[in-house]
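There are 2 protein chains.
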Amino acid sequence: MAKLKNDTLIRALLRQPTAYTPVWVMRQAGRYLPEYNQTRARAGSFLALAQNPALATEVTLQPLARFPLDAAIVFSDILTVPDAMGLGLTFTEGEGPRFERPLREERAIRNLKVPDPGSELRYVMDTVSEVRKALAGGVPLIGFSGSPYTLACYMVEGGGSSDFRTVKTMLRDRPDLLHHILEVNCRAVTAYLNAQIESGAQVVMVFDTWGGTLSAAGYLEFSLAYMRRVVEGLKREHQGERIPCILFTKGGGAWLEAIAASGCDAVGVDWTLDIGTARARVGERVALQGNLDPQTLLAGPEAVRSGVAAVLASYGTGNGHVFNLGHGIVQQTPPGNVAVLVDAVHELSRRYH
Amino acid sequence: MAKLKNDTLIRALLRQPTAYTPVWVMRQAGRYLPEYNQTRARAGSFLALAQNPALATEVTLQPLARFPLDAAIVFSDILTVPDAMGLGLTFTEGEGPRFERPLREERAIRNLKVPDPGSELRYVMDTVSEVRKALAGGVPLIGFSGSPYTLACYMVEGGGSSDFRTVKTMLRDRPDLLHHILEVNCRAVTAYLNAQIESGAQVVMVFDTWGGTLSAAGYLEFSLAYMRRVVEGLKREHQGERIPCILFTKGGGAWLEAIAASGCDAVGVDWTLDIGTARARVGERVALQGNLDPQTLLAGPEAVRSGVAAVLASYGTGNGHVFNLGHGIVQQTPPGNVAVLVDAVHELSRRYH
Numbered sequence: 000m001a002k003l004k005n006d007t008l009i010r011a012l013l014r015q016p017t018a019y020t021p022v023w024v025m026r027q028a029g030r031y032l033p034e035y036n037q038t039r040a041r042a043g044s045f046l047a048l049a050q051n052p053a054l055a056t057e058v059t060l061q062p063l064a065r066f067p068l069d070a071a072i073v074f075s076d077i078l079t080v081p082d083a084m085g086l087g088l089t090f091t092e093g094e095g096p097r098f099e100r101p102l103r104e105e106r107a108i109r110n111l112k113v114p115d116p117g118s119e120l121r122y123v124m125d126t127v128s129e130v131r132k133a134l135a136g137g138v139p140l141i142g143f144s145g146s147p148y149t150l151a152c153y154m155v156e157g158g159g160s161s162d163f164r165t166v167k168t169m170l171r172d173r174p175d176l177l178h179h180i181l182e183v184n185c186r187a188v189t190a191y192l193n194a195q196i197e198s199g200a201q202v203v204m205v206f207d208t209w210g211g212t213l214s215a216a217g218y219l220e221f222s223l224a225y226m227r228r229v230v231e232g233l234k235r236e237h238q239g240e241r242i243p244c245i246l247f248t249k250g251g252g253a254w255l256e257a258i259a260a261s262g263c264d265a266v267g268v269d270w271t272l273d274i275g276t277a278r279a280r281v282g283e284r285v286a287l288q289g290n291l292d293p294q295t296l297l298a299g300p301e302a303v304r305s306g307v308a309a310v311l312a313s314y315g316t317g318n319g320h321v322f323n324l325g326h327g328i329v330q331q332t333p334p335g336n337v338a339v340l341v342d343a344v345h346e347l348s349r350r351y352h
Numbered sequence: 000m001a002k003l004k005n006d007t008l009i010r011a012l013l014r015q016p017t018a019y020t021p022v023w024v025m026r027q028a029g030r031y032l033p034e035y036n037q038t039r040a041r042a043g044s045f046l047a048l049a050q051n052p053a054l055a056t057e058v059t060l061q062p063l064a065r066f067p068l069d070a071a072i073v074f075s076d077i078l079t080v081p082d083a084m085g086l087g088l089t090f091t092e093g094e095g096p097r098f099e100r101p102l103r104e105e106r107a108i109r110n111l112k113v114p115d116p117g118s119e120l121r122y123v124m125d126t127v128s129e130v131r132k133a134l135a136g137g138v139p140l141i142g143f144s145g146s147p148y149t150l151a152c153y154m155v156e157g158g159g160s161s162d163f164r165t166v167k168t169m170l171r172d173r174p175d176l177l178h179h180i181l182e183v184n185c186r187a188v189t190a191y192l193n194a195q196i197e198s199g200a201q202v203v204m205v206f207d208t209w210g211g212t213l214s215a216a217g218y219l220e221f222s223l224a225y226m227r228r229v230v231e232g233l234k235r236e237h238q239g240e241r242i243p244c245i246l247f248t249k250g251g252g253a254w255l256e257a258i259a260a261s262g263c264d265a266v267g268v269d270w271t272l273d274i275g276t277a278r279a280r281v282g283e284r285v286a287l288q289g290n291l292d293p294q295t296l297l298a299g300p301e302a303v304r305s306g307v308a309a310v311l312a313s314y315g316t317g318n319g320h321v322f323n324l325g326h327g328i329v330q331q332t333p334p335g336n337v338a339v340l341v342d343a344v345h346e347l348s349r350r351y352h
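From first to last, the protein sequence lines are chains A and B.
Each residue of the first sequence is one higher than the one before, counting from 0 in numbering that gives the first Met the number 0.
Each residue of the second sequence is one higher than the one before, counting from 0 in numbering that gives the first Met the number 0.
Each hint should be verified, as a subset may be incorrect.
Same chains, same label: a pair holds when it works inside one copy or across any pair of copies.
What the hints assert, rightly or not - Straight-line C-alpha distance at most 20 angstroms; calculated SDA-like pairs for lysine to any residue:
1) K249 x S160
2) K4 x A47
3) K249 x A338
4) K249 x S161
5) K249 x R164
6) K234 x R164
7) K234 x R41
8) K2 x D115
9) K112 x L88
10) K4 x G282
11) K249 x E129
12) K132 x E197
13) K234 x G43
14) K234 x D162
15) K249 x F163
16) K2 x R304
Hints in this document: simulated from the structure, not taken from any laboratory.
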């Protein structure tokens with residue numbers, strides 16, 4: 000494998016000195032890019048695109064051809080793991096993910112198996128290694144997974160939900176069943192991320208999209224405890240290189256100290272937290288990733304620049320900051336604004352390093 | 000006006016000693032009660048019910064006939080103020096509120112007027128004074144309003160929204176216009192709450208349902224700044240009695256210290272915050288109201304009791320706690336569980352006082 004030409008992201012995640020603040024964008028390979036929509040149309044559907052390593056590689060690289068981003072993130076979905084468990088993932092246009100066979104019967108729950116990343120999730124590993132090869136050491140490649148609790152939410156509900164009543168009912172009435180699902184998910188996510196590392200991922204990130212809907216005690220018991228076990232089970236070094244890992248709980252600002260104490264290298268923060276305040280709360284324990292409001296990218300270039308400047312100023316001088324949005328990029332974003340964002344981060348951050 | 004027989008809520012909001020922790024429930028007069036649904040059916044619609052003082056009084060009192068709650072809250076809607084401004088509020092079954100004339104044109108925004116609570120919002124004042132009379136000094140009556148920013152969200156979007164893109168676009172591109180709306184809303188909310196106080200409300204609460212969707216800086220500038228001005232403009236004493244005021248920002252846990260410094264007497268906290276941690280953060284500056292996950296009330300009685308016990312234990316010994324849910328009660332709640340909740344709070348809290 001080629002040595003990294005731009006290791007700014009890795010260094011920032013490990014809180015080492017860098018010349019500027021690295022930047023990438025959650026969902027950077029997505030529907031705001033016309034070339035993405037063309038490739039997706041060729042694939043036929045989102046799922047077909049994600050499951051085709053050649054096309055998934057193509058869309059992973061598209062934003063890097065346009066913008067001098069400091070990282071690639073493998074094009075995939077957080078729900079590949081439960082799909083590989085046999086729940087039958089489908090996407091309906093404009094409706095989000097659905098599982099054909101939601102997980103509610105005790106028998107089905109007890110029969111849940113950890114999928115083999117090398118066979119049922121082979122297409123992800125193939126994409127990771129193809130992308131890694133195509134990057135030729137330019138920038139690092141990020142692999143990712145949904146968190147055990149977030150996967151459980153979709154698995155039990157059968158899709159998204161405004162109140163997650165089904166999974167919360169299970170949490171209360173049959174915590175043993177939910178813990179069993181989380182236990183299996185935890186092993187599955189760990190194996191899946193380690194397989195991505197072996198296939199070429201140089202950073203891994205766990206997306207906990209729904210942990211923020213839990214109470215404080217519920218979050219610690221049902222989401223963070225399992226992410227901590229994932230972190231403990233990760234290969235933190237591969238072929239002589241440190242593999243940093245990032246945890247991101249949307250709406251998890253209240254629990255920042257607990258997340259930072261999980262053993263991860265970096266914590267993603269959404270835009271509701273002032274990143275300077277977040278930094279003061281976690282001190283030098285972890286790097287922070289974030290946190291511009293994605294809606295800022297719907298404004299004019301000047302507003303994007305001043306939004307970037309405000310986040311950088313709030314974080315302040317020193318290492319350990321990875322610039323990103325506070326959540327995924329919005330579909331209606333003009334691609335030119337991403338260019339403005341990346342340039343502004345690179346230019347304006349130098350004075351803080 | 001009769002002297003209060005049960006002033007536990009008032010005393011707790013002012014952080015004075017009480018024999019037990021007072022409890023009321025957000026949306027306690029609501030669709031989980033069969034008698035509420037009957038009265039609503041007689042009224043014809045939610046809006047007709049809210050605008051009919053006799054029927055609104057009837058539903059306000061219904062939960063108090065069933066449960067020994069420590070407060071009544073006037074039955075109304077947070078959107079009465081923009082409706083009185085002429086935006087044309089409607090409710091479609093299962094869809095939530097809509098405004099017929101959303102506020103987007105500069106001319107309409109510049110023409111926005113503070114409604115006169117004594118005429119355009121007369122029906123609310125009539126309900127407040129009727130309820131106050133009917134309570135006969137049993138428990139205190141809470142009046143309320145939406146926050147200036149939350150009202151602006153609905154006024155500009157024309158209804159609820161998953162991303163509040165229209166109001167956030169205005170915030171970025173025409174902050175002068177949004178500030179103008181907020182300025183008018185601020186004066187309207189202040190006049191509206193003061194009129195409720197004069198009509199008999201003994202506590203007032205501001206519901207900031209959507210401030211939590213803003214960035215930290217955005218929240219301070221566009222939501223909290225205007226709530227602070229509302230608090231400053233409130234009659235804090237009426238007929239020799241202190242009128243405590245409560246601010247509640249859903250998802251505002253990250254900004255707890257700033258909210259507590261606004262001059263309010265109490266801060267409502269949602270269930271994502273551990274209330275003991277929240278107490279440690281604000282010290283003795285304010286009382287706290289909350290924060291059981293409303294979904295807990297869908298479980299069995301034992302789970303409700305242990306949920307109550309956990310919140311009480313987390314808050315710990317001492318004054319300044321008002322028990323409530325972390326958000327409105329869920330429609331599917333079995334009414335018997337509210338009885339369990341209220342009894343558990345009254346019984347289990349005595350050891351902490």
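Practice problem: Since the copies are identical, ignore which copy is meant and state whether K249 and S161 lie within 20 angstroms (CA to CA) inside a copy, between copies, both or neither. | Solution: The answer is both: 15 angstroms in one copy and 15 angstroms across copies each meet 20 angstroms.
Practice problem: Indicate which option fits the pair K112, L88 if close means a Cα-Cα distance not exceeding 20 angstroms: within, between, both or neither. | Solution: So K112 and L88 pass the 20 angstroms test inside one copy only (16 angstroms; across, 52 angstroms).
Quiz item: How do K2 and D115 come out at 20 angstroms by Cα distance, when the copy is not named: within, between, both, or neither?
Solution: Classified as neither: same-chain Cα gap 29 angstroms, cross-chain 71 angstroms, threshold 20 angstroms.
Quiz item: Given a CA cutoff of 20 angstroms, do K4 and G282 count as a within-copy pair, a between-copy pair, both, or neither?
Solution: neither (29 angstroms within a copy, 50 angstroms between copies)
Quiz item: Between copies, within a copy, both or neither: which fits K234 and R41 at Cα up to 20 angstroms?
Solution: For K234 and R41, the Cα distance exceeds 20 angstroms both inside one copy (36 angstroms) and across copies (65 angstroms).
Quiz item: Between K2 and R304, at a C-alpha cutoff of 20 angstroms, which is it: within one copy, between copies, both, or neither?
Solution: Neither: 32 angstroms inside a copy, 59 angstroms across copies.
Quiz item: Between the shortest in-copy and the shortest cross-copy C-alpha distance, which are at most 20 angstroms for K249 and S160: within, between, both, or neither?
Solution: both (15 angstroms within a copy, 18 angstroms between copies)
Exercise. At 20 angstroms max between alpha carbons, let me know whether K234 reaches D162 within a copy, between copies, both or neither.
Key: Classified as neither: same-chain Cα gap 35 angstroms, cross-chain 37 angstroms, threshold 20 angstroms.
Practice problem: Indicate which option fits the pair K249, F163 if close means a Cα-Cα distance not exceeding 20 angstroms: within, between, both or neither. | Solution: both (15 angstroms within a copy, 17 angstroms between copies)
Self-check item: Within, between, both or neither, where K249 and R164 count as close if Cα-Cα is 20 angstroms or less
Solution: Close inside one copy (19 angstroms) and across copies (19 angstroms); limit 20 angstroms.
Self-check item: Alpha-carbon proximity context of K249 and E129, limit 20 angstroms
Solution: neither (30 angstroms within a copy, 44 angstroms between copies)
Quiz item: Checking K4 and A47: alpha-carbon separation at most 20 angstroms within a copy, between copies, both or neither?
Solution: This pair counts as neither: shortest intra-copy Cα distance 32 angstroms, inter-copy 68 angstroms.
Checked against the numbered hints above, the structure breaks hints 2, 3, 6, 7, 8, 10, 11, 13, 14 and 16 and satisfies the rest.
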